[in-house]
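*Asks:* Now for the letters of each chain:
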Amino acid sequence: MTAAYVEDFTEFSRNGASAEPAWLRETRRAGIEKFAELGFPTPRNEDWHFTSVAPIAESVFSPLRGSSGVIERGALEPFTFAQSDWPLLVFVNGRYSAALSNLGALAKGVRATDLASTLRSEPALVQPWLGKLSPLDGRSFSALNAAFMSDGAVIHIAPGTEAPIPLHVIFVSDSSAAKGVAHLRNLIVAGRHSKATVIESYVSLGDSHYFTNAVTEVKVEAGATLTHYKIQRESQRAFHVHTIDAQQARDSHYVSFSFATGGALSRTNIYTNLDGEGCGATLNGLYMADEEQHVDHQTNIVHAQPNCFSREIYKGILSGAAHGVFNGKVYVHPIAQKTDGKQTNNNLLLSERARIDTKPQLEIFADDVRCTHGATVGRLDEMALFYMKSRGVSADRARRLLTYAFAADVLETIEVQAVREELERATLERFTGASVAA
Amino acid sequence: MLEIKDLYAKAGDRDILRGISLTVAPGEVHAIMGPNGSGKSTLAQVLAGNPAYEVTGGSATFEGKDLLSLPPEERAQAGVFLAFQYPVEIPGVSNAYFLRSAYNSIRQARGLDEVDPLDFLDYMEKKLELVDMDTEMLSRSVNMGFSGGEKKRNEILQMAVLEPKLALLDETDSGLDIDALRIVANGVNALKRPDNATIVVTHYQRLLNYIVPDYVHVLAHGRIVKSGDKSLALELEAKGYDWLVEPQGALA
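Protein chains in written order, with our numbering: chain A, 1 to 438; chain B, 1 to 252.
Okay, chain A solo, but in the shape it has when bound (with noise of 0.2 Å):
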């Protein structure tokens, strides 16, 4: 269906997009050019060896312009961590919705706006980063996504900021978004010294068929430090592609964590690249499949220079016939000494046909750094299933209290507490049906 977006690009360029910046115009172009010459990627290139596209390559998709309907503030209330305080930009079915949002809160030195509007009233805002910090380079879904970006969050943290809560960026679907796909692209910018976090929801009311194409563009700014959480609670029908790729200057701290739960397919990208001294980047996630579900998380982080640290860990249950794939690159270039990396993938396997697909990669190619890897793929303790169970706790609730302890050291990372708190309840719910951990 590579031919059907490039037909779509034609007709786009002549109407959505024709009043547009030159340098927009010509991200799109580059963007669709790359895409006509790439197409989907199939299982024989190396990043996608796990992961086939072919349900998404394979249908069509219409654009996403917003919802036909009308979603309740209440309807997002599952999602919103019972913190009604914190700033919030809702975009619904890959629209701005001023309406959901709220922008009250927002910090001083904390600006929050949507791309579509920001484009049109005040381009300059984000000239100077977007498509700038996300290369296209062998990306099919990134250059599709550089070619229609219609809408999606723009946050920039003004230098010496520190933004004392959350700022909170919900992408719901609805009923409405059947069949349409949303290229949103986002982008993030933290100024030097500030310090701020920054929440990605995606999530669906209902269990639509829809496809999602995001691209998150960050750059961390010399001693900023970022903390970006992505929270990928979508249908259980609906593809999922996000890359997010970081960019960091020196001394800074980029903070992430992926939480996935949803999607039929789902593909989470998420490359930084160290790229000044004394940084460090967190790269934490906890992915858990159920059925027929295929969840695949890829990382990257590139140690382009000396003194850095990364910290790495991802973990996955995989039940039914679910696949996962994680497949984690940490690239030390040859000037980067002293590299400090650790990278640690644990997999718990619940069932017989449930398959994960485990692949770290260390590439170093300086000569004084200390940098271990591994991974792990399990079924649980037999020990402490008995041990649970001679104090009477039946076989099933062992084997589902386990299940949730295996995610819970993962999810104790999560720094912001209404945060770490609703993820470890709804793996709790999810594992135990009981609603507290306490």
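There may be inaccurate statements among the hints.
If you want the ones that stay clear, here's a sample from chain B, every Cβ over 10 Å from chain A, calculated [said to hold, decoys possible]:
| hint | residue |
| --- | --- |
| 1 | Gly57 |
| 2 | Glu136 |
| 3 | Asn189 |
| 4 | Asp195 |
| 5 | Ser231 |
Across the chosen pairs, the derived CB separations fall in these ranges [what the hints assert, rightly or not]:
| hint | chain 1 | residue 1 | chain 2 | residue 2 | range |
| --- | --- | --- | --- | --- | --- |
| 6 | B | Asp116 | A | Arg65 | 24 to 32 Å |
| 7 | B | Gly145 | A | Thr376 | 16 to 24 Å |
| 8 | A | Glu292 | B | Leu112 | 40 to 48 Å |
| 9 | A | Glu382 | B | Lys65 | 22 to 30 Å |
| 10 | B | Asp242 | A | Arg353 | 54 to 62 Å |
In case anyone wonders, no lab produced these hints; they're calculated from the structure. Because the structure is a prediction, the values reported are computed rather than measured. In this text, a Cβ means the ideal position worked out from N, Cα and C, and glycines have one as well.
Model the placement of chain B on the given structure of chain A, informed by the hints.
*Replies:* Below, chain B alone, put in the same frame as chain A:
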């Protein structure tokens, strides 16, 4: 209360228990002693239902029930408790949640209502005093980062909470200093009632200074080679096990 008849069990291809018979009545404390590899821990594990062991012969009847046919959780629900020699660490499950799950599972099995978290906390406070543990221990993950002594106290805490009819203490004294040993022993003694029984598995006589047994049995090569009263433990302390173990082949 417990009647073990000619019990045989193996782990993998290795025969470990080779014909154990033992009768325990309510109110009694039995000590099982013996050298390493004699099968004394295995006996406790088999009675609790550890799937690592396979029973190949004999029977164990607990209050008229065929204990060996029950899964481990139903043995616990029937009132059997095993204090582990090596308590298992369970990261991510708080002690409080674990204890409450166990307590409520057992209550449910007995047709009683579940206890809510607040009432349970009240109930816990008295139990914590018994083993000199702080409420802070409740919020920590089960046995995670606990010292050896804390782990063993946690076992006795679980026993105090679950109030078993038959407690099996599997080398609960191993790795304990004298203060921890005293706390653990005091806990066990405080839980002693005329209608419950305790089987203490231990390598050393020391523990029996604190938990005084009515009977002492010596295991060697998977059989009870000698039974007696508490004075037998003192004799073992003085003479070691060799005098009992060596003639084992001849006694067979």
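*Asks:* Of all the hints given earlier, name the ones this structure violates by number, lowest first.
*Replies:* 6
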